[in-house]
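Chemist: Two chains, two frames, some hints: make the complex.
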Amino acid sequence: MSDVDLLALCRRVAADSRPGEQIEAYGVRTSETDLDVFDGHVESLSVAGIDGVGVRVIVDGRQGFAWAGSLDEAVVRDTIRDARDNAAFAEPDEHNGLATPADVATAEAPDLDLWRESLLAVDTDAKIEFTLALDSAVRAADQRIRGVEAANYGDGAIERALVNSHGVEAYSRRTICSASAYALAGEGDETQTGYGFAAGREFSDLDADAIAAMAIDRTVRMLGARQVAGRRLPVVFDPLVTASFLGVLSAAFNAESMLKGRSLFQDRVGEVVGAPIVQIADDPTDPAMFGATSHDGEGVPCRRNRLVIDGVLQGFLHNTYTARRAGAATTGSAARGGFKSTPGVGVKALSFAPGRRDQAEIIAALDDALYVQSVSGIHSGTNPISGDFSVGAEGLLVRAGAFAEPVREVTIASTLPRMLTDIVEVGADLVHLPGSTAGLTLVIGEMTLSGS
Amino acid sequence: MEPVTDRLATSDASPLVPREALDAVLVAALRSGGEFAEVFVEDRRSGSARLDDRRVEELVSGRERGAGIRVVNGDTVGFAHTADLTVSGLEHAAAAAAAAARGAGTATRTIALPDAPRAPDNDVIVFPDTVAKSRKIELLRQADDAARSEGDAIRSVSASYAEARRRIVVANSDGLYATDERVRTRFAVQAVAAGDTGMHTGLEAPGRTMGFEFFDEFAVADIARKAATQALTLVESVPAPSGKVPVVLRRGAGGVLFHEACGHGLEADLIQRDASVFVGKVGETVAAPGVTLIDDGTFGREWGTFAIDDEGQPARPNTLIDNGVLTDYMWDLVRARKAGRASSGNGRRETYQVLPMVRMTNTYLAAGDADADAIIADTDFGVYCVQLGGGQVNTATGDFVFGVTEGYLIERGRITRPIRPAQLIGNGPAALHDIDAIGNDFATWTGTCGKRGQSVPVSSGQPTLRIQNLTIGGTAA
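Respectively, the protein sequence lines represent chains A and B. Residue numbering for the first sequence follows the working numbering, starting at 1 and increasing by one per position. Residue numbering for the second sequence follows the working numbering, starting at 1 and increasing by one per position.
Heads up, some of the hints might be wrong.
As the list claims (entries may be wrong) - Chain A stretches covered by chain B per the calculated footprint, using a threshold of three residues with CB under 8 Å from any CB of chain B:
#1 65–72
#2 202–208
#3 252–263
Keep in mind that the hints were calculated from the coordinates and are not lab data. Backbone N, C-alpha and C define an ideal beta-carbon position, used for all residues, glycine too.
Excised from the complex, chain B in its bound form (with noise of 0.2 Å):
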């Protein structure tokens, strides 16, 4: 059968819901009184492809639309959303955010929103929806390929592609009008090796805020070489350690690190919830000298970037710590209105379906100007993480975990032995004082940061760096 060319195969410029609507929205949503009124529109649309036990399994497509609406009324937000884009459908929704909201009154706003709305330039090259299927198997069969060639031990690799399209509409009773258009695609691969040691697996899985170009910078072979390459060199795994010990982060492993031992205690929900250990310290020193935090939701084509956030505030870099010194919390556009001041550009939400949030985006570290191969010289005895899975932080303790998915001893100032898989442990603010060195190079790593139940796509980065004291729970004795 031949490809079937999507019939949205290109950028599409008509309106997801008549502006006339939205105005009508907005003032049903405000008639039994609140002090703000936001909809939300979306239509996003994906599709998946996925190669498993050397077939291609399955392709899969999806589509979603629908609006949201909240209304703010005092302390308290009602929102209702509906798949029903009809302005009757719309209103319906309207009321039940404004009966949500707990009004009692009957006013009549009126809502003055601008004729056109605000939008960024889409600088998208290719979409992903209008690139045959059957190349996008081709790069699934690469991928196996290049992985099962690193060696015998490679039992089983699976290779997943992924696109999405998400185009959204934020009206608000501030006379905010604006629409983004946002393109991500991502390619995964993990390889499982076996040996005396047992099964191990390996996975590399970049995504970039990017159309189809994603693969002129990213060979899928080298995706591919890096999982299995993980995979096989666990086969030699040690136990890893156990108890305090000085930590090497390569430049993009551990800006996950950041993520969870400082990023979600810097966002203002959990701070006007005195749920973060860093409620109160701005302007004080919370981390060593040298270390500069900044989430930046523009930074380049990396997977937590966008044009505007999901309230329709422009994205733009936040400086959180500056050499050591907390600077702000990131901000969305509810909690700012209340406090204010302007939003940071921080407001996320999964899906239409559900309430924005304070998230980050992209957050990174800046490099220092320590080489990154002195750093390790200069560590008698270590563990250096070369890839994470993932982590966790409980904000109002500051404690956090992240699992070491790739890791080597340090000994004698050399990489030696390769570590099983295991999970390191700090408190955020002693581990932020803990930073003794910071390399001059960076790399960045994309990953899914979940909160209260929504997954948002964010990124990373961080130069190399040592943390002189962390609690690795391995098993050696």
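In isolation and in its complexed conformation, chain A is listed as follows (with noise of 0.2 Å):
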């Protein structure tokens, strides 16, 4: 980890902007750990950083942009040129332009403690003691487990800071640390896997026993699992699908792909989109999402943001350029890929509202439905644009309000419009993960089962 104070950085790569040029620059620094242990042993460590600038040039409309790995002075003044020779090959539009203090203006920044300094002063050999205590723990509990596909824990501490040539400024850090296994069980020819994990802002959120109990009943209970033939019914996703199912209908709320007619929203603002029972909004300035953070990629602050209130689509998640040319308010949506990209559009902290049950209370009401554990091909066989939606799907039967057989090799489809406004209930069970999206028990009415 470098000791280069990394606002002042970025003050000096703005402050570098001529007559009629804007400049933006993004440095980002990590400090990780990466930590594996398989079979009772530490089998990998990594301690290490990442640095990186990202820079962003806007001359006459054009814009460029370049990146560097490193916050060395001298590869920094590089970083600008290159990215003053790009905007000089790109296309105007009068819609670029970086964040103003107007738009700063638009919110207040909230005010999140997102950093732990409890989690620097864990020492290695502490983290290696709870990966080894979690590897054994999987393993003892239950005989049925044959293994332990890899037990991991990692963290991070990481620092971004936004300067450009309007006097922008915004600087933000955060921790994060989250530890998981992978378990292997089953006898002869037969295996069955799962997964368990937990995440936090500082060590003692994670709780080994925990993560193991929960690798082990999701491993178990798919022991015996077939394929079913195939129908229709009532779909039930765990917490971890309703997130991943979020992360692909998450781009229908982009006013970039609105505005370039690619959103199944498109033209549907007021409209039903849902069931009336479904609420969803991006909301950073919740510190319990791990996508919390005070300001966006562009240095506006974040705020929450309605985006489906009792079935119907409030609107579009916008940067400053899509708000420009849509005429419409940012609302602080900028999203960056680390230092590598410019700043898109995109969710943060993305989550339906919790409903009244919980995850058992839901199952013991429903008299026929297939619950998904996980699903596989979610990129493959899901499409933000047409709206197509088919993936693999593991899970458990239920039957007259409990569940019954385990059921692998199947597929589950419908199409995203379909599956809103399809959806019955939403869990009160709200799980925050990894990421830019939260999981919920959630259930379908009816999805098509591929099977036998």
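Modeler: If you want it as structure tokens, here you go:
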């Protein structure tokens, strides 16, 4: 981890702007630990940091971008030069521009406390001891467990700074840690797998026994899983699956997709897009969300954006570019994939508003359904533009209010618009997950199950 | 403004790190014990340009340079990386890697690297970074025009150009000292068509391990027309069937099936973790007769081609399944050393910031002798798969999926209506036994393979073939 002052470096870049030129610098510094345990020993341990800067230049409406995986002054100067050169080749767009103080004034930045000094103080031996304990807890607790494919611990401390030549500045930092175990169960030719995990901002948020219990439960309940005959039936999404579903759906709320005619919700603002019980919001100001952040990828304060209220679409998420183009205001939704890309539009903390019943109560009230524990091919089988949704699924049949036989090697299919209108229940069991979406139990009234 | 020529315009022969520094770093890495140390140095330059909505939106340049150092001590690998390539920066990272490897001794090892590195000939004809940016933009426009001219139903077109140039140096305590320079070029077009059945997308995205001469082999207008035609075809699509069907995979369309159905399960790291259905199956029949599967990092200029892997081992063709019989797994250096055998040249890493793993390169099924048209004519009812959108596998259970992005119904031996995109699901060992026809044609597919968070370029290939029984996840009754 370099000791460069990130904010000062970004200020120097922004101050380099020439007359008629806008410059933005986005600097990132991370410090990470990644630890894998296998078969009772440390298999690999990596302790390292990644630093980098992305520079955006806009001149005469033309935008250029360059990045470097270094905070070295000479490299940063070369990066500014590359960004300028790239701008010369792009086509002008009157809507191009950096965030202005007026954009910043559209909301007050939330005061978020996402940094835990205590995580930085945890020594490596404690992390190793934790992960070894997790590995052995999975093995020891149930004799049907044949092994642990991997037990992992990871943490990171991330600092971000943004300064632009309009005088906009933002600095934020956060810590995160997570641990997971991937268990194997079964005898002879049969193998079933299941995953347990936990994430938090500080080390004490992680409980090895709880992670092990989750991995064991999700693995052993799949023993004996078989393909079943295809039919249409209600489907219950596990919270992890709901989070993936929201990840696919998120593109539809993106004003960039909308302006290019590629959103499922084209021309649908004010219309019913979901069942009346559906409430969806993107709220990076909620510190419990792992995507929480005070400022977006252009330095604009984040705020809570309600996207669907009682099934009715409220609007799209904007950065300053899409806002200017659409004649709207930014929603503080500029999103960057690290320092290597320009700010697009994206969700940061997307979630359904929780309902009233937890998963056990929901299952108890179902007569015949498929509970989906995990899906596969979420990227290859779904398309946020056409709305097609067809994924591999593993889970359990639900019969007369209880889990019944485990099921594997089936697919579930529908379309995203139908799934939203077919939602019959939203669970109370909100689960915060690393990434930009949260999960909870979700019941879709009907999907097509394909099997034997 | 006139084009500016990049300062690193031609092949750069200057070493990334002096040889003496590599010696010193390996000694430092093994100072507190351990039986193996390696330093991997990388300098990567990338460039891209994107057109969307009729406008050249953005050009991006990136650079990344650094070193990853690992120390193997018993069962533990310690790893650290740094963007500081000075001797002190590297020694600092070496000490961190040594500490992470949990060594406790004080040993002094001498390292005997050869004076000059083993360096493969570079046969790139035109380094993409020497080509004017205006020329790349012209290609994007040609693609946009070509895609839009396919029909009024084309609503939106995006095109992207990408180039990457990656120099690497690998040195290890076994005395290996090797370098390589890899150049990759890719062009992608996505088209969106709209009709009564909603919006549909078509994507074509070939890539090769070569320079700008890529465009002598691929005309951007052809790439664009394929993407547009696919989107337009889907406007006419009917819901895909649901349930078990015979599936005919057109040449090139289904290589990813083998990548998922058995490729990942043959990676030695997953075998050693007991997380593959192919554990203990070497020498056994695992596929139908006639199925020969090869992974080959030297296969032409394909997307997964390189001269040496990221552990300095030469790429080579490896036969994994020979006429239905499993012959070997794929290996990286550290696991091969432990097993007392040679690496198969499959040790790859996304960047210097992560540890290498066993990865595929170009994985393909060898051609058979059936006529492709005859395979279709011989299928009473089924799905003809022309393009796939990637897949996923659980190697421990063998269950895999892959998305059909362009497919058709086969009815009474004839290709009839296009179907909406759907997922196919199967079990690897079962699917390999269910292959009952292998064509005499062949084509490849360009892809990106993800494993444990790392992405690497790969290709897959296969002749037209039929699998008797896969489950397709459509919504048709």
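Chemist: A separate judgement is required for each hint: does it hold in the structure or not?
Modeler: Here is what the structure says about each hint:
| no. | hint | verdict |
| --- | --- | --- |
| 1 | 65–72 | holds (count 7) |
| 2 | 202–208 | violated (count 0) |
| 3 | 252–263 | holds (count 4) |
When each numbered hint is compared with the structure, a violation occurs for hint 2 only.
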